[in-house]
Each structure stands twice: as C-alpha cells, then as structure tokens.
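2 protein chains.
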Amino acid sequence: MPTPKLNFTRTEFDQRIAKTRAAMLDGGLDLLIISDPSNMNWLTGYDGWSFYVHQCVVLSLYGEPIWYGRSQDANGALRTCFMDPANIIGYPDHYVQSTERHPMDYLSAQLSNRGLAKGTFGVEMDNYWFSAAAFASLQTHLPNARFSDATALVNWQRAVKSEAELILMRQAEKIVGRMHERIVDKVEPGIRKCDLVADIYDAALRYDPDIGAGGDYPALVPLLPSGADASAPHLTWDDEPMKSGEGTFFEIAGVVKRYHCPLSRTVFLGKPTQTFLDAEKAVLEGMEAGLEKARVGNTCEDIALAFFDVLKTYGITKDSRTGYPIGVSYPPDWGERTMSLRHGDTSVLQENMTFHFMTGLWMEDWGFEITESIRIGEAGPECLTNVPRKMVVKD
Amino acid sequence: MPTPKLNFTRTEFDQRIAKTRAAMLDGGLDLLIISDPSNMNWLTGYDGWSFYVHQCVVLSLYGEPIWYGRSQDANGALRTCFMDPANIIGYPDHYVQSTERHPMDYLSAQLSNRGLAKGTFGVEMDNYWFSAAAFASLQTHLPNARFSDATALVNWQRAVKSEAELILMRQAEKIVGRMHERIVDKVEPGIRKCDLVADIYDAALRYDPDIGAGGDYPALVPLLPSGADASAPHLTWDDEPMKSGEGTFFEIAGVVKRYHCPLSRTVFLGKPTQTFLDAEKAVLEGMEAGLEKARVGNTCEDIALAFFDVLKTYGITKDSRTGYPIGVSYPPDWGERTMSLRHGDTSVLQENMTFHFMTGLWMEDWGFEITESIRIGEAGPECLTNVPRKMVVKD
Chain C
11 MPTPKLNFTR
21 TEFDQRIAKT
31 RAAMLDGGLD
41 LLIISDPSNM
51 NWLTGYDGWS
61 FYVHQCVVLS
71 LYGEPIWYGR
81 SQDANGALRT
91 CFMDPANIIG
101 YPDHYVQSTE
111 RHPMDYLSAQ
121 LSNRGLAKGT
131 FGVEMDNYWF
141 SAAAFASLQT
151 HLPNARFSDA
161 TALVNWQRAV
171 KSEAELILMR
181 QAEKIVGRMH
191 ERIVDKVEPG
201 IRKCDLVADI
211 YDAALRYDPD
221 IGAGGDYPAL
231 VPLLPSGADA
241 SAPHLTWDDE
251 PMKSGEGTFF
261 EIAGVVKRYH
271 CPLSRTVFLG
281 KPTQTFLDAE
291 KAVLEGMEAG
301 LEKARVGNTC
311 EDIALAFFDV
321 LKTYGITKDS
331 RTGYPIGVSY
341 PPDWGERTMS
351 LRHGDTSVLQ
361 ENMTFHFMTG
371 LWMEDWGFEI
381 TESIRIGEAG
391 PECLTNVPRK
401 MVVKD
Chain P
11 MPTPKLNFTR
21 TEFDQRIAKT
31 RAAMLDGGLD
41 LLIISDPSNM
51 NWLTGYDGWS
61 FYVHQCVVLS
71 LYGEPIWYGR
81 SQDANGALRT
91 CFMDPANIIG
101 YPDHYVQSTE
111 RHPMDYLSAQ
121 LSNRGLAKGT
131 FGVEMDNYWF
141 SAAAFASLQT
151 HLPNARFSDA
161 TALVNWQRAV
171 KSEAELILMR
181 QAEKIVGRMH
191 ERIVDKVEPG
201 IRKCDLVADI
211 YDAALRYDPD
221 IGAGGDYPAL
231 VPLLPSGADA
241 SAPHLTWDDE
251 PMKSGEGTFF
261 EIAGVVKRYH
271 CPLSRTVFLG
281 KPTQTFLDAE
291 KAVLEGMEAG
301 LEKARVGNTC
311 EDIALAFFDV
321 LKTYGITKDS
331 RTGYPIGVSY
341 PPDWGERTMS
351 LRHGDTSVLQ
361 ENMTFHFMTG
371 LWMEDWGFEI
381 TESIRIGEAG
391 PECLTNVPRK
401 MVVKD
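Chains as they are written, first to last, in this note's numbering: chain C, 11 to 405; chain P, 11 to 405.
Hints may be right or wrong, so weigh each one.
All copies of an identical chain are treated as equivalent in the list; a pair is satisfied when it fits inside any one copy or across any two copies.
[Stated by the list, open to error] The calculated lysine-lysine pairs, modelled on DSS-like cross-linking and capped at a C-alpha distance of 27 Å, are:
| no. | residue 1 | residue 2 |
| --- | --- | --- |
| 1 | Lys303 | Lys322 |
| 2 | Lys196 | Lys281 |
| 3 | Lys291 | Lys281 |
| 4 | Lys15 | Lys253 |
| 5 | Lys267 | Lys253 |
| 6 | Lys404 | Lys303 |
In short, the hints are calculated from the structure, not lab data.
Excised from the complex, chain C in its bound form:
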C-alpha cells in the first residue's frame, strides 16, 4: 500500500472531523454524504481531478470517513487520503455515464452492507456535484433514510483557518504577487491576450525557492477582459492584441496545494479616462472604509455597507456582493459559498477567517477591479499581499 502524501497532520484532520460531527449533531444528522471536492479534500485529504464523475465522502458519527468514487480513482484516494484502505470504496466502471445504472445506486448498496442505510442523512442539495439524478437514486435505494439539506454544513467548518492552512495561503499570496509583477512587466498595447495568459501561468506555476513552493491550478482561470468586455465579469481571454486607451482588470489567484489567494488589479494602457480615475478614487477610499470594519466581532454586512456607502458618495451604486470567504478550493469557484459581504449577512467575523474583499465594479461599458484578500484579526484585517493597491497605468 502506498503511504499517502498528506498536507496536514492526522490531528488536524481529527479536529476537522470533530467540528463537523458537532455540526451534524446540532442538525440531528446521523450521516453526511459530501459531494463537494473542497469539502472532500478538507475532511480526508483527497485530491484529484476526478469530480467529473460521481464521488463523495461519507461521514457517520463514528469511525473513519469513507471515500467513495470510481474504481480507477480509488488508487488516487489511497495516495492522498489518510484512511485505511478498507474505507476507500471504488465503483465499477460500467456505472460511469450509464443510462441504466447510477453510481449512487451502488453507494446505497455499500452503505446497506455496512449497516449505514438508516437514519437522517445530510446531503449537499445545492452543490454542483450532487445532481438531481444522484438525489433521486439515493431516495429510491435508501428507503429507510430521511434526507436533510446539509448544503454548506462542512463549508462553514472551514471558515476559520488553522495555522497550517495559513502557511499555504501565505505561499499562495507570494505567488499572486509574483503574477501581478509579471503582468505589469509584460502588459502593453499589441500583446495578445493569450500570450499574456501564458506569462501569467508561468508566474503562477514555477517553483520559487524563496517561496518554497510551486503553484497549483486555480479554481477559476485568469480573467482579463478589456474595455466594454470588462462590463461582463466572467468573460475569458481571446487571442486578440491589447489596445491603447482601454482599461483591463486582471482577476487571478495564486494557489498552493489547493489553497487560494485571489487578487485583482486594473491596468489602463495609455492615459486613463476620468471615469477610471474616479473609479480608482472611489474604490480605494471605499476599501479603506470596508477594511476598517474587517475586525473580530463585526459582521460581513458591516464591511459591505462601509464600502457601498463610500461608493454612493461618488454616485456609484453596487448591488452585487462585495466578497466571500476563501481557502481550499476546486473549480469552478474559489469562494467557500457560506458568507457573503453584502446587505443582510450578519455573520460575525472571527479571527483567522479569510476573505476575498471583492470590490469589483461592472458598469454599462467598463469594469474596474482592485481587490484584497484579507485575514480577520483581533485589531483589524491583515492584507495577505503587498501588491501596491492602485491602478496600473502603462503607456
């Protein structure tokens, strides 16, 4: 049997499981079926690009978690999870994308064999990786189970970062700093977007002895729309040359062992328009106001409202949320999908929560992003990077 490569101590995994079980007891759950790859990784260490087929971690109130997935991926689970091989279950390949049988049918049978087919089961109802068909299969094949929505139950346990997690996030922070330096160095009128993305990946991935790590893949690809395309926050690159007289935001993240540090900056090629100069002033002042509120005991809403209030004085209305928690993540999202920095979210900030303060503006025909990734501290926030907080202007 291979010795698994774990990024955290067994004690840390035990603590994570204990926290999760406490939440299960609070919710009256006997068993959790966890489909979110970020949650699977956090609970067991599992790391692989296998989420394109059905898989999950099963956690009951006793014993080790069970990894469940495609047979060929069980080899990956043996290499990355801490559990005993008896708790790694692979399903046969003819369950993959079959119209006759569903991988969750087989899971139900396995749970029955282990005496785990009865009780109140938490499932992640609104997770990408828990399809309507997966739920229908479980409902059919586990007639003695009651199902309860446990969307984000594990995600919430991830909110406060451990010291070991912060070490990885601080490496990721240095990588995203290196990426923004590279952008400033390379961006100019005429450079093709796809070529600039090649440079961004180069800075994102290469091993750096000063950092002590190479980069991992980001949960979102680099976003760098220009001009009016920047009014749409999620257009990806093309192979056209960049133009003078346009603003471009760069929304990117450094990643180490699946831990993310996102950071956005805006570059203007040529002489910035008054619109961009005004946006920069509003956003920077708003960020100062928001960061001032980013301290233990305040709420998510406090940060957002402070930011929005300043924007309003500049005549800018932002109605989208202005940030979310970050940490370990898999595509398609580097957010933790629990709290949102927005009106009405009164979640209380705790020490070592980490957020992307996502202060982007996407207007009628332009877009602007200067953001910070922050750690909540007792006395105030720690900005994780030291990338200059300003618009980059290049002629």
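Given chain C, put chain P in place with the hints provided.
Chain P only, in chain C's frame:
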C-alpha cells in the same frame, strides 16, 4: 448594444436548434432547461466562466432560446449570444448563494410571465450544473409542468461535427502537437512538475501565426503523474523533481474557442523497464486493431472490443471504457457524455463524429497512456494529430 462575437454563422445555430427541437418532439417535450455550459454554448454561443452560479438556456419549440443567469453575467451573454437582448434574462444578485431564495425560483416566475410555465419540461437530471436543489425549486414553483429527464439530449445533437467545428478542432490538434513537442524538449530528470506544466501551458496558449490561433483553457488541467502515482489516472501535478527510472503519462489537450483535441503520450526517463516496453507493444497493436474498426457503420463497442482483445493476448485486462466523443467543452470534462467506447455500447459511428480513443492503462503500480483523437470517416478514421505514436524515451 454590443455586437456579439460569434464563432459560427446564424445558419449553423439555426440548424443546431432545429436538430434539438426534433429531438424534443421525439421525446414529447415542450420546453428544455439546459444547464450544461457546453450545451448552452453550442445552442447560443454563450461563453463565460459563470457556471459557478446557477444559469441555463431555455428552449421552447418556437422562437429564440432564452439565456438565463446572474444579472452581472447578462453583460457577457449580450456579448457572446446571438439572441435579441429581450431574450437575455438576469436574476438579481441576492439570489446568489442565498439560503432563503433560489435562482430557479426567479426563473419559474419569468417563465410564468412569458406564458411558458405549462407542459412537459426536459431537465438535465444528471448534469453537474443541475443540482438537487435546483430541481426541487422548479418542482415547487412550476406546478403545471411535468418534468422529464433530458440528460444528454443536446449532447447527442453535438455528436456529428460541422465543417466549421472541424476547423477549430484542427487548430486545436496543431496546438496539442506543439504541446507534446515542448514536453519532449523539456522533460528530463530533475525538472519540477510545476515547471514542466508552465512549459505545457506556454505551448498551449501562445498565438501561432501558422495555426492562426492562440489557445483557450482546457476542460481538464494537464495530468502528468509518474511512477506508481500513474496508477491513479486523475492526480494533478506537484512541485517535486522528476526522477530517472520512472514512466510518466501526459494527458493534455489543445483547445481553440472551447473546442478540444486531447492527446496522451508516455515518457520514460532512463532505460524503460520490460513492463513499459510490453505495454507499449500491446497498446500500439491494440490501437491499430481498434482504429481499423473506427469507420462509418460500425459501433462504439466494435472499437473497444478490438482493442481489448489484443490487450488480452498480452495478458492485460482493461475494464474501464476506452474512449468518448469530444468537441466543445467546459470544465470539468472534455468528453461529451453520450457514447462510450466499451462493451455494450452499440451506438453506430457516423461520419464526422470525433472521439478521444482513450487507451490508457492504470495498473497496480504504474500507468501508461498513448491515445489518439480521431474523426470517423467513410473509409476509416482520421487521426487528428501527427504526433509520433510511440513511447518517448529520454535519458
């Protein structure tokens, strides 16, 4: 209003919609709710990394498709879809990751407003992007709709590629060739995996005037596990140096405007072991036998069985499927999720279907991949790349 950037003619989109409507009529469907980003793109042109929030395309039997998604992403839809702005519907941001309201609640209201709330609705029950909660919301808010499973209905319409699609796939083919050349050039004992991945992305992305395109992001990140880790097909890279005496497979794809051409090769650093030499012989001979069957009128199973039969003569049993259709795709999968090259799949091969003949072996403590992407022709298959079909040996 921006002029959308379309990669295909309006006529081609009309043909795609007509094919899909014929399938809807066959299935007795009045309306389709399409959550798969690849299907959304194929039907409307929509292209953006916004699938981390709920979105869909609604197609009834008459009129234009409707794009539905987050308000801020509607700007992206206006820029990439052919439809009239009246058929781009954004939902307010407080529906995003809310515990109180679901984006599909709002969709139901919109459909009611348009007189589209009644009839038989096809939904992609087993798609990542159609969660159990999304389905529950539709069931609650559309009491006059009957729901029918339309998983893969649109995917099937994508199977035979148009000439315009093949042009993009042929550009992607040239890019994946360039990526493998780069690997052969750079791989050596001591190079860190993350550094080699930076080189792979560089070759994948940079604009090439001879190809007439730069690269787009792949639906799976590069996979390059070595030694015993290669027994697990989906482990991603780390930042460790490569070692002599190990085999590594490289599973990568060239991508142009979301169209994929995947191709795998295996590199052995140092003198290959007998195991690898035998695997190479078996796989190459098996591929010849499989390719011989890859012609119009034969079935998916024919290709697979021809390949498996040769493997058996070498004492190798492969029980996982050995290929799948390819084309336009988004993470997490570059397969089309319809046919599988395996025992029991009697789907008939048609001209201009395209497959990744995925002949990988993942054994107890090693892995080996030499694969081809092919187009089905009348007289036989066209291998899309001219990358030498052999194991690369480097000292």
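Legend entry - Lys404 and Lys303: within-copy, between-copy, both or neither at 27 Å Cα: neither (33 Å within a copy, 57 Å between copies)
Inset, instruction - Indicate which option fits the pair Lys303, Lys322 if close means a Cα-Cα distance not exceeding 27 Å: within, between, both or neither. - result: Classified as within; 17 Å inside a copy, 67 Å across copies.
Inset, instruction - Evaluate Lys267 and Lys253 at a C-alpha cut-off of 27 Å and name the case that applies: within, between, both or neither. - result: between (36 Å within a copy, 21 Å between copies)
Legend entry - Lys291 and Lys281: within-copy, between-copy, both or neither at 27 Å Cα: Classified as within; 16 Å inside a copy, 62 Å across copies.
Legend entry - 27 Å Cα threshold - placement of Lys253 relative to Lys15: between (46 Å within a copy, 17 Å between copies)
Legend entry - Homo-oligomer pair classification [Lys281, Lys196; C-alpha up to 27 Å]: Close inside one copy (18 Å), not across copies (41 Å); limit 27 Å.
Of the numbered hints given earlier, the model fails hint 6 alone.
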